[in-house]
Each structure stands twice: as C-alpha cells, then as structure tokens.
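Put chain D on the given structure of chain P with help from the hints.
Number of protein chains: 2
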Amino acid sequence: MVAASRSALARPYRGVFPVVPTIFHDDGSLDLEGQKRAIDFMIDAGSNGLCILANYSEQFVLSDAEREILTDLALKHVAGRVPVIVTTTHYSTAICVERCRMAEALGAAMVMIMPPYHGATIRVGEAGVYEFFKTVSDAINIPIMIQDAPVSGTPLSGEFLARMAQEIKNVSYFKIETAGAAAKLRALIAASGTGVEGPWDGEEGITLMADLDAGATGSMTGGGYPDGFRQILDPWFAGDRAKARAAYAHWLPLINWENRQCGLAAAKILMQEGGIIGSDRLRLPQRPVDVEARKGLLELARERDVLALRWGR
Amino acid sequence: MVAASRSALARPYRGVFPVVPTIFHDDGSLDLEGQKRAIDFMIDAGSNGLCILANYSEQFVLSDAEREILTDLALKHVAGRVPVIVTTTHYSTAICVERCRMAEALGAAMVMIMPPYHGATIRVGEAGVYEFFKTVSDAINIPIMIQDAPVSGTPLSGEFLARMAQEIKNVSYFKIETAGAAAKLRALIAASGTGVEGPWDGEEGITLMADLDAGATGSMTGGGYPDGFRQILDPWFAGDRAKARAAYAHWLPLINWENRQCGLAAAKILMQEGGIIGSDRLRLPQRPVDVEARKGLLELARERDVLALRWGR
Numbered sequence: 053m054v055a056a057s058r059s060a061l062a063r064p065y066r067g068v069f070p071v072v073p074t075i076f077h078d079d080g081s082l083d084l085e086g087q088k089r090a091i092d093f094m095i096d097a098g099s100n101g102l103c104i105l106a107n108y109s110e111q112f113v114l115s116d117a118e119r120e121i122l123t124d125l126a127l128k129h130v131a132g133r134v135p136v137i138v139t140t141t142h143y144s145t146a147i148c149v150e151r152c153r154m155a156e157a158l159g160a161a162m163v164m165i166m167p168p169y170h171g172a173t174i175r176v177g178e179a180g181v182y183e184f185f186k187t188v189s190d191a192i193n194i195p196i197m198i199q200d201a202p203v204s205g206t207p208l209s210g211e212f213l214a215r216m217a218q219e220i221k222n223v224s225y226f227k228i229e230t231a232g233a234a235a236k237l238r239a240l241i242a243a244s245g246t247g248v249e250g251p252w253d254g255e256e257g258i259t260l261m262a263d264l265d266a267g268a269t270g271s272m273t274g275g276g277y278p279d280g281f282r283q284i285l286d287p288w289f290a291g292d293r294a295k296a297r298a299a300y301a302h303w304l305p306l307i308n309w310e311n312r313q314c315g316l317a318a319a320k321i322l323m324q325e326g327g328i329i330g331s332d333r334l335r336l337p338q339r340p341v342d343v344e345a346r347k348g349l350l351e352l353a354r355e356r357d358v359l360a361l362r363w364g365r
Numbered sequence: 053m054v055a056a057s058r059s060a061l062a063r064p065y066r067g068v069f070p071v072v073p074t075i076f077h078d079d080g081s082l083d084l085e086g087q088k089r090a091i092d093f094m095i096d097a098g099s100n101g102l103c104i105l106a107n108y109s110e111q112f113v114l115s116d117a118e119r120e121i122l123t124d125l126a127l128k129h130v131a132g133r134v135p136v137i138v139t140t141t142h143y144s145t146a147i148c149v150e151r152c153r154m155a156e157a158l159g160a161a162m163v164m165i166m167p168p169y170h171g172a173t174i175r176v177g178e179a180g181v182y183e184f185f186k187t188v189s190d191a192i193n194i195p196i197m198i199q200d201a202p203v204s205g206t207p208l209s210g211e212f213l214a215r216m217a218q219e220i221k222n223v224s225y226f227k228i229e230t231a232g233a234a235a236k237l238r239a240l241i242a243a244s245g246t247g248v249e250g251p252w253d254g255e256e257g258i259t260l261m262a263d264l265d266a267g268a269t270g271s272m273t274g275g276g277y278p279d280g281f282r283q284i285l286d287p288w289f290a291g292d293r294a295k296a297r298a299a300y301a302h303w304l305p306l307i308n309w310e311n312r313q314c315g316l317a318a319a320k321i322l323m324q325e326g327g328i329i330g331s332d333r334l335r336l337p338q339r340p341v342d343v344e345a346r347k348g349l350l351e352l353a354r355e356r357d358v359l360a361l362r363w364g365r
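In order, the protein sequence lines correspond to chains P and D. When the first sequence is numbered by our numbering, its final residue is 365 and no position is left out of the sequence of numbers. When the second sequence is numbered by our numbering, its final residue is 365 and no position is left out of the sequence of numbers.
Read the hints as simulated data drawn from the structure, not as lab findings.
Derived SDA-like pairs: lysine to any residue, alpha-carbon spacing no greater than 25 Å straight-line: (1) P:K186 - D:S81; (2) D:K88 - P:A146; (3) P:K186 - P:I241; (4) D:K186 - P:L334; (5) P:K88 - D:A146; (6) P:K186 - D:D78; (7) P:K295 - P:N308; (8) D:K186 - P:Q111; (9) P:K186 - D:H77; (10) D:K128 - D:E156; (11) P:K347 - D:G180; (12) D:K128 - D:Q111; (13) P:K221 - D:D79; (14) D:K186 - P:A172; (15) D:K186 - P:D79; (16) P:K186 - D:D342; (17) D:K186 - P:S81; (18) D:K186 - D:F212; (19) P:K347 - D:A179; (20) D:K221 - P:D79; (21) P:K88 - P:R346; (22) D:K186 - P:H77; (23) P:K221 - D:R339; (24) D:K88 - D:G326; (25) D:K347 - P:G180; (26) D:K186 - P:S115; (27) D:K128 - D:L82; (28) D:K186 - P:R335; (29) D:K347 - P:A179; (30) D:K221 - D:A179; (31) D:K221 - P:R339; (32) P:K186 - D:G80; (33) P:K186 - D:R335; (34) P:K186 - D:L82; (35) D:K128 - D:L61; (36) P:K186 - D:D79; (37) D:K186 - P:L82; (38) P:K186 - D:A172; (39) P:K186 - D:R333; (40) D:K221 - D:E183.
Next comes chain P alone, as it looks inside the complex (with noise of 0.2 Å):
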C-alpha cells in the first residue's frame, strides 16, 4: 500500500486521479461485488482520488439507470477515503445539471464533463459550451471539471477555457489530453490568473512529465497502476524533478503500451489477471483486446511489480 502524504479530501485537489473501470460479469451484466474491489484495490494503491463514468469507464455503453446504480454504489463504497470525481457529460444541458446535482447530493467531491457533442457531426460552437457550463455551473456548488478530449470533436482553446475558468464560478479544473497538452495548459495557466484550481492532464498520463513541466498539478490516468503514477508525482510534489523524470522514463513503457495497445481494457486485464475481479469483458460492440497485446501488457505490467497483480492474492 502506498500512504497518502497529505489530507486526500484538501483542495485543491492534486495527484492522480484514475478512471475507475465499470467491471461486468462475463455477460455483460454489472458485477457490483467486483466494482467495489477495483475501487478497494485503487485506493490502496494510492490514488489521490477517482474518476468515474468516465470514458475509460465505458460510459457510452451504460444506461441511464446504470449510472445511477453506479454512482450511488462508488460513492457510499469509498465513504470519504478519497475524493470522488463523477462524469455527467450529456449533450442536454438539463439532463447534465439532473445528473450533477444527483453527483453532489451524493457526496461527488467534483463533476466532470465535456462540452456538448453527439456523434461525429452534432456541436455547438463556442457561445453554446459558454452557456452550457455557465447553465451546469449555477445549479450546483462543487467544482466542475472541463475534459478537452479528442472524442468531443469541440475545439476548446487555451484562451476559451482561461476565460471560462475565471467569469464561470465552479468551472476551475481542466482534464487537458488533446493534441499539445502541455502548451496548452501553459496557455490556459498563464490567461487565468487565479481561475484555474487544477490543470490536470488526462489520456493514460501518456504526455505526464511534459504536462507537470507545464503547470499539471493533477493527473486522470488509467486504473491499473495507480502505485506508478505515484512513484512519479511523489517525488514531484517533493521537488526532485530529476527522480520524478527517471521513475516516468520507467513506467513509460507500460503507459504507451496502455495508451497504444489495449485502451481501455489495460486497467481490467491487470485487475482480472491478479484475481480482483473476475472478468476482464468489455461490454459489446467493444471486443476482447488481441492476445498479443494483453501478453504485452502483462509483461511490462509484471516487469514494474504493479500492485493490481499481488493485491487480490
């Protein structure tokens, strides 16, 4: 187990913050039971917080109630060991605020959403996304968390979201895993003076050191290896950049290995293969990940000693 180093629940909130993966049971039906042991396992494995509903939780693959379910089960489960963050991303402005305030009735230390999109074609422009987090973010009173993903398909510039960040009261964190993240959250920290509680990056912790270089206080990575990312942000938060960059030359391989290879199956083929839950399915249309690419992951994963393949032994 990995000691937190300061208050987890203190904001601003730093450190990694994985992505919990929603687990199923082998036909695709919710496993509950194994839900709350990947939330165990990553927290001892020293996440700073969680992510939920996220898109490496397969969001788009859930139902309404399904969230439901399984925001009320994340959030009574952790208690308050760490801080939670819940995805109410939904193209309707009404429907993100109902799941919002359900997040913070619920006790979600934070909600995150991208602005509104559907499929390839359907968006807004940039007076629309204004008026969406300014609509979300007077409804409730905890942060809200910007993701600038790629799968919005929405241009989100540095300039836009400092502004954002500084006239919109709760908008104050920003997941940044777009082409040029790092320059991007300079341009974002050096626009918004003090509106910016968290510039975190995101996509599997892939662009990490050049993202902490830049002002990253946060990160929202995968949940397989929440022990890694601390080896690198430990010394970091401590001021040895040097330890900091020589740990992230050492995970590297198994975070690319994350971020090109297996997606989103990487965190539940480690928590499958060392006995914390019993599947690894993603739920259909998603497949299985190639045999080749989760022996890959596996043996980087068993190189490094991540804890995913000693904690449910």
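The following block gives chain D in isolation, referenced to the frame of chain P:
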C-alpha cells in the same frame, strides 16, 4: 387531408415516413398533449408512416426514461393508423437490443438504428457493425432500417449494406442520407438481390428525385409538410414521372430551406406558427433558429399553402 391510396400497413412499406419532432414546453419539459397533436396533424397531412426518436426528434437531448414515455405515447396514440418506426440507436449492443424489444412489444412496425458510434472518435469497424446488427436482428421479429447518416461517422459501403441485407434476417430497410445517396442506393439494390425490402432516402428529402430514379421506394423527411411530399410521391407511384418531377421542383425551395437554413427546427416552427403546438422550442444546448431563417421558411411554406399552417386553426 390527403387520402391514403393503399393500405398504409401493408408491406413493403413505402412512401413518406416523416420524423416526428419531440415537442417541448417553453421550459424544456415534454409537452405530451402537443406531441399528440403533432402526430395527428402528421397523419392527417398524408404521412404513410411515422418515425419517432430520430435525430430530427432531438433524440440526443432525451433521457432513457423520456424515450420510453415517448415510445409508449406515440404507439398508443397512433393506434395502428399508420406504421411507426422507432429509433433505437445506442452504442451498447445490449441496450439497443433492449430498446428494440420494447419497441416491438409496444407495437412498432420497424426499428431504425445507426451503426454504433460515440462522439467524434469511438467507432467499431465493419466486423463490429456486422456483429452488432446480427445480434439485434436475432433478438426481434420486425424489420430493421439501417440509418446511413454522416452523424455516425461510420462509412458503410453499398456492398457492405447489401451483404447485411442478404445475410441478416431482419435487416431489410435502408435510409441512405450520406453524400452520393443515389449512387449508393443503386449499388445496394444491384448487389442485394431480394434482401432489400425498402431502399429509402432521408435528409429532408433534399435528393428525393435522384433517389427515386435510383430505385428508392420511401423517404424519411422532416415532419412539417408530408402533404407536399405526397404531391411528389403520389404521381411517382402512379407512374407519372413528369408530374412527380414538376412537384419536386415546386417543393424544392422549401425542402432546401429546411435542409440548409432551419434543420430540425423547421417542422416545429411550422407547427407552432399553425397553432398545432404551443412552443417551437428546441431543448438546450440547441439554440432557436435565426429570425430571418424562420421568416424565410414561413414565406416559402405560405406560398405552397402547407397544411401545417391551416390544420390547427
């Protein structure tokens, strides 16, 4: 009122099957009484059938619970007067299956489904699309219309569609509204033998004449002026191509205005202006149509004496 020239419930379904807009009050909540009046108008205006929960129904701003309410309401209120197609698109195979089963149980004539997609980037490839439709088909006993639209960001060749028509039992209708629809309809019809029960077009009927010449037997248009489309389709089905072409030329300025200036708001504007519904509001983050675009639509609609502007008075 436009009289039906043959039993509307006989297969193969053909003619104009417009999309029913989802009707909201000014506060964004569902207007179920307005919804029923919109449906009654659309049937009286000559719709050969209806489609609910499509993109022009703003399906992307609805919760799962609202979809159920609207499906139940539409099928009960239509009560067999015309066949109803229910859109059941979801990225999750299992959730799409569940929606299809519910639609069938409630009396849907057909389900319309896009290949699985999420956002700008998440796609499953041809093998995944095939497996998705095969799984859905195996779970139901009514025809499936595959919707081939740009919003899904998933290229579907005419040959691939034809293969699914031949090999997957219930895949038998196709709504082609991607660029080059006429050519794709020809390729689909040529390659599919008897598998294609309904090669249709969509996209507000903007390419209807070219698509009819290519073999289309149905069109899924906007909901504002089914009476106009009947003026094109009735002579077409009676074998009078010249009269159909003249009618298409007459209606094209309005179709074009809907397609390029007003989009999914057009049907609601006409129904609201005609007193059929109380509010033409789109649900946020969709913004109201520009005032000049609204004026231009009404000018073209009045010139053509559309029923929507008279039916509710």
